[in-house]
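S.K.: The lines below spell out each chain.
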Amino acid sequence: MSAFVGKYADELIKTAKYIATPGKGILAADESTGTIGKRLASINVENIESNRQALRELLFTAPDALQFLSGVILFEETLYQKTASGKPFVEVLEENGVVPGIKVDKGIVELAGTNGETTTQGLDSLGTRCAQYYKAGARFAKWRAVLKIGPTEPSELSIQQNAQGLARYAIICQENGLVPIVEPEILTDGPHDIAKCAAVTETVLAAVYKALNDHHVLLEGTLLKPNMVTPGSDSPKVPPQVVAEHTVTALRRTVPAAVPGIVFLSGGQSEEEATLNLNAMNKLEVLKPWTLSFSFGRALQQSTLKTWGGQKENVAKAQAVFLARCKANSAATLGKYSGTSAGGLASESLFVKDYKY
Amino acid sequence: MSHFKSKFHDELIANAAYIGTPGKGILAADESTGTIGKRLASINVENVESNRRALRELLFTTPGALQCISGVILFEETLYQKTAAGKPFVDVLKEGGVLPGIKVDKGTVELAGTNGETTTQGLDGLAQRCQKYYEAGARFAKWRAVLKIGPTEPSELAIHENAYGLARYAAICQENGLVPIVEPEILVDGTHDINKCAAVTERVLAACYKALNDHHVLLEGTLLKPNMVTPGSEAPKVSPEVIAEHTVRALLRTVPSAVPAVVFLSGGQSEEEATLNLNAMNKLKGKKPWSLSFSFGRALQQSTLKAWSGKEENVKKAQEAFLTRCKANSEATLGTYKGDAKLGAGAAESLHVKDYKY
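Here the protein sequences come in this chain order: Y and X.
According to the working numbering, the first sequence holds residues 1 to 357 in order.
According to the working numbering, the second sequence holds residues 1001 to 1358 in order.
Next up, chain X with everything else stripped away, as it sits in the complex (with noise of 0.2 angstroms):
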């Protein structure tokens, strides 16, 4: 047959729907050690486990957030944890209605031969890890797959490797019981305008739903983590409609309808641009079969980190914060953001950094 039929065929279907509700999106709380520490290091926290935990207690605990969020992306050190009341974050997350994920690649490496471009790994003994992680109550997986925009980027072979490993990866996930997250993020970087991001956008999800198909992935059982289709990091910025309309181009030229949901990574957008350009993908007149959502990492933990601080006594402010950006982008999955949620201080501010590595 063309896709594989797993025996978790009918859950994965529902998983992924589910994580698709209008209304709602994915918290990316998957940062690894190191990338955490980046974060922590910026507010003048130090990364241990104590803290690291504190941070993502701070989130999943926030009054009222976790109705704006159907799935949460997690590390694998967090999946373990508990609050500090004893109670498993997987719980916490379960209790609240939102479906617990677990970042399973093991980062990027450089392709020989290429201009500085990557593949990713973790394919290795895959499977047993996504059993592991299915019975710790993970539902869905995620897997970054990185290219880059050049005078000869993205290579064919760029283009195919990456594809290839998230089908993979995808087939994998879906033996195994959980929803794979295919991410495929072309980077912001660069002095190209939104017509060349267009293009390769189109020409990398194409090869991706052709290698997914190759590897009898089910479609149904599956969401998309793109990004958004906009002009590069040095090129002049556009304005949220025109963002829109070059996405859901993108999207209707690649992506099959029966792929229940496409949640946006944020890059390096500021939470309040990031919001922005979701809420007009969704207010745009036409064809839109998957519903448009979020899959944010800093573009909802930005300003709630700042107000945090590392300080027990700001947790209740940074925990406002933090219910700000997600009831915003909420909306904005629904098209009805009005541009006026209070800004805590950075939440305008851009997160690019150049040649990020996550």
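With the rest of the complex left out, here is chain Y (with noise of 0.2 angstroms):
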């Protein structure tokens, strides 16, 4: 048969279906402990496990805040972690209509012979870690594979390396219960234009989902994150019109209906810029047969993390702040946000060169 039909293959199209609902989007908390680490740095924490707790309950119990939301990416630990009153994060999430997902990628390696390319890592027992996951709550899970351009980048070798890794994940994740989210990650790094951008995505595309049809996974019951279509980090920016024509373009291009939801990454936008990019995607007047949403890490959690720094007393503010993110993205998913949550932290360009998750 083309679809692996197994026996999740019903489980597994409502809730990709529901992850894709208009209005809702997912929440990237899986930053692992390194990564997580950087963060609280930043806002001068320290990286222990308490306060990687405490983080995740601030953004989880923010009155309000889970409407907004169909599902949240975690890291394996926070998977098991709980409230300070005791309470599982899992059922927290599930009492709210949101979906737990869970990072199952081993993060990346670089190839050799070619000039920093990357494939990721992760495949080995993945089946038996995706059962346990599915035993702890989670529903679907996410990989990361990520590309650069340059001169002869990306290669054929990445794009085939990193588009046969993906496919393998999202079998196996079927196979044991959840949806893949299929993660393929150019980097915005580089001097080169938006049209090549373009190029490059719609090239990196045609590749996954031939990967994901050579490996029969069910396309109705995964998700796609790719980035948007934009000019290089050390290029001219421009409108969202042009970033929202561009993107759907090269999706409609190369993303079969079958899909049913595509829930961009943020890369190194501003919160405000990614909102606003996913807003102009959502009232293009094309056709458009999949949902456009958010799966947005540093831009639905910045401000917050700012505003937090780490002080219990600054919690409210900070579930506000937040609050606020998650309405306005939620807005962009319809077509409906008005730019009013813009200004200062909210502003602030999140790209960090040659970033490493």
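The reader is advised that the hints may include incorrect statements.
[Said to hold, decoys possible] Straight line, CA to CA, 25 angstroms or less: simulated PhoX-like cross-link-like pairs of lysine-lysine: (1) K1038(X) with K1106(X); (2) K1287(X) with K288(Y); (3) K1306(X) with K288(Y); (4) K336(Y) with K1287(X); (5) K1306(X) with K17(Y); (6) K283(Y) with K1288(X); (7) K1288(X) with K288(Y); (8) K1005(X) with K237(Y); (9) K1306(X) with K1316(X); (10) K283(Y) with K1287(X).
Hints in this document: simulated from the structure, not taken from any laboratory.
Make one complex out of these two single chains by using the hints.
M.R.: So, in structure tokens, the structure goes:
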């Protein structure tokens, strides 16, 4: 058969469709211990378990915020953590209609013989790990593949390796009840223009969907997490309308309509930029057979983090800031964002050159 | 860039979109001299140029028919023919709001080492031929790749060869102003069930769109002409709704929404079967980001041919039969066909010929 229809097929389709509900999106809170350490360091907070727990509790219990989220991606440690009063995070999310997800890749390694290109690890015993995560309450997974643009990049090897890795990860997830989010991130680093980013994005996505087909992945039970199509970081910016047109065109040329939703990564965009671009896409008057939403990490948490500063007395204020970003992005998925959450922290670029996750 | 930006960029997009206009579809009248000979023989008509010309004039001048048609695929000879009164067929079509198209492939040849699988020829000098056809008034082209289902078929080789042949043909067409119809026909011959056909169709279409992307083809300036997803010719039939569900699902899983229209081939289906299946697809609720229409040869002409039988006095009757099928299929593209078309003799007749050679 073309698509593998295992015992979880109906559930996968239902979950993927739910995550793609218009008006909702994903909070990417799956920073590894190392990465979250950098974030905490930026606000002078010690990287210990209780602080990591406190940050995530702040986010997951922010009053009224969860209604704008359909899923949260967690790091393994967080999947098993609880609130200060002892309630498992997974339950907090489930009770509020938010599907728990889990990051399952084990980071990137360099491809020898290339110019710093990488592939992603994590396939060993992935089936067993997925089964365990399913038991713990996870219902979707995420795996980040990384590509870059350069004079000779991305190479055919890098495209093939990353596409195949994503496809293999995806089918293993589906065998074990997890909806795979397929994330082929093309980094913004570089002086290239938006047309170059568009061309590379189309080539990469075409390879990804060919690989998914080869591996018998059930597209109706997947989600896509791509980069938006933008100029390179060293190149002049363009308005959200232009980003929207190039992005939606690239997706229309490569992503089959069987995929229920596309949840963009924010890359190094500021909170406000990411929201405005998403909004512009949803306002575009062209046929879009998948919902267009968000799976933001930094672009949902940055100003919340700064407002919190690790201080208990700042929690309520930080939660209000988080709620504002969630609302803004929810409106953006409906093309109804009027840009009133702008200014200050929300407009700060989050671009870090050669960003290591 | 990903797609090659030819000077015909905007025109290709406009023409492809026009062909996909809801309520319209394509008449495939591109039978080669040999093939049309078989059709004429079946009604005891001699295979001479004047008869071939007369048949096509009958079709193109049927009152009211061209409104249901957005394009006609022609064989090279026909592209340069005229009505009895001396008007070029190309002008008749253009005046009727119909885009002339041209078959550009040169038939299939066997792939050595396979079990009778084939690839399609026609790439040599294709650019020059396309230019010539564009000058003669053609605005779209067609190239038929053929695959079959068997225990070990289609093989990876057959899929790859046919997908990349189609992609190369498509890129050359676009460089020369012709919208390429991409036709990867999977023959209906066999004992397999509808699920097998669906799996093969999805695999083949995925390969086609990867190849088209590799060759920098502008998808917005192409059309797809696939088989419907059905049980094999030797397997029990299923209802139009089941065909519709399997077919649309296969397309949703493989055909990017940038493609403006899907124009189905009829294979060996009877005229009525083909229309009912197309209608069921257009009635289906759910996502369908491309229009779903027809590119029928036999399934538009069969009863017309029988009614004509080569006789001048039958032309009017034959044209009525042709108009009936055109209208029925036009309605089917809108999902409004009620199955009440007056069935001409032969409209319900299967047109399947085992191992059909075009």
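S.K.: For every hint, state whether the structure bears it out.
M.R.: Status of each hint after checking the structure:
Our distance criterion of 25 angstroms between C-alpha atoms is met by K1038(X) and K1106(X), whose separation comes to about 18 angstroms. Under the criterion of a C-alpha separation no larger than 25 angstroms, the hint pairing K1287(X) with K288(Y) is consistent with the structure, at around 10 angstroms. Between K1306(X) and K288(Y), the direct Cα distance comes to roughly 45 angstroms. Violation of the 25 angstroms bound is thereby established for this hinted pair. About 23 angstroms separates the Cα atoms of K336(Y) and K1287(X), which keeps this hinted pair within 25 angstroms; it holds.
Of the supplied pair hints, the one linking K1306(X) and K17(Y) is violated, its CA atoms being roughly 51 angstroms apart against a limit of 25 angstroms. Between K283(Y) and K1288(X) the CA atoms are separated by roughly 20 angstroms; this keeps the pair inside 25 angstroms, and the hint holds. Pair hint K1288(X) plus K288(Y) holds up; C-alpha atoms about 11 angstroms apart against a cutoff of 25 angstroms. Taking the CA atoms of K1005(X) and K237(Y), the gap is about 24 angstroms. The hint holds against a cut of 25 angstroms.
Distance hint between K1306(X) and K1316(X) is fulfilled; the C-alpha atoms sit about 13 angstroms from each other, no more than 25 angstroms. A hinted pair counts as satisfied when its Cα atoms are at most 25 angstroms apart, and K283(Y) with K1287(X) qualifies at roughly 19 angstroms.
Of the numbered hints given earlier, the model fails hints 3 and 5; all others are met.
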